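**Student:** Here is what each chain is made of, one letter per residue.
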Amino acid sequence: ETGVTQSPTHLIKTRGQQVTLRCSSQSGHNTVSWYQQALGQGPQFIFQYYREEENGRGNFPPRFSGLQFPNYSSELNVNALELDDSALYLCASSVGSDRGGGQETQYFGPGTRLLVL
Amino acid sequence: SQQGEEDPQALSIQEGENATMNCSYKTSINNLQWYRQNSGRGLVHLILIRSNEREKHSGRLRVTLDTSKKSSSLLITASRAADTASYFCAPVSGGDQKVTFGTGTKLQVIP
Chain A
1 ETGVTQSPTH LIKTRGQQVT LRCSSQSGHN TVSWYQQALG QGPQFIFQYY
51 REEENGRGNF PPRFSGLQFP NYSSELNVNA LELDDSALYL CASSVGSDRG
101 GGQETQYFGP GTRLLVL
Chain B
1 SQQGEEDPQA LSIQEGENAT MNCSYKTSIN NLQWYRQNSG RGLVHLILIR
51 SNEREKHSGR LRVTLDTSKK SSSLLITASR AADTASYFCA PVSGGDQKVT
101 FGTGTKLQVI P
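Line order of the protein sequences matches chains A and B.
The numbering used here numbers the first residue of the first sequence as 1 and each following residue consecutively.
The numbering used here numbers the first residue of the second sequence as 1 and each following residue consecutively.
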């Protein structure tokens, strides 16, 4: 157990709807990263939040957006859902630093499986 | 940032045998991380090895790093059925703001 929790565990939506996924980071961690993992693929980086600010973004359209709260928990919002958004969504928390130096160990939650019909 | 390329893509061994997975990357790194993922679950961190380290052990896991060849290997000794999972490497360069994953090595350990 990493101490990172995600909700909900499973979700079914229809095309065009909007969805919000939630992640509680491990105690003491100030950075949350979100990943999308399609079946049979590796996790693809969506974006990262460090101290409530977006701190890097992958190749995902603007309909993927996020938030990080003062307690460092985070939300991933996806608007105008498409069939290809069906995937496992993973969040990972870590300890970030203003000094940079690259990312340290990521602690992953169990994921939210989203199915878009 | 860069992603590692794991090799082989799939590996099937008998319980008790050793399993070796390799990872290659392209540019200099700050550290390299290995993760395991059981089917449909979150990733679990296994080992982080820094660029100035050559070898690291954790239980039945042994990770080596050769920065001159830009490669790393993960050895699992005396494999068990519970080791069946996908294994990912993640090379991290200094200043990277994200950890990037490739497609992984799918390991099957047959009881």
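Because the hints were derived from the structure by calculation, they are not lab data.
None of the values given here were measured: they were computed from a predicted structure.
A virtual CB, placed ideally from N, CA and C, is assigned to each residue, including glycine.
It is possible that part of the hints are untrue.
Covered stretches of chain A, going by a simulated chain B footprint (3 or more residues, C-beta under 8 Å) [stated by the list, open to error]:
1) 62-70
2) 81-94
3) 108-115
Reference excerpt, derived from the structure (chain A facing chain B, CB under 8 Å, subset only) [claimed, not checked]:
4) G3
5) S7
6) N59
7) Q103
**Student:** Hint numbers the structure violates, sorted upward?
**Tutor:** Of the numbered hints, 1, 4, 5 and 6 do not hold.
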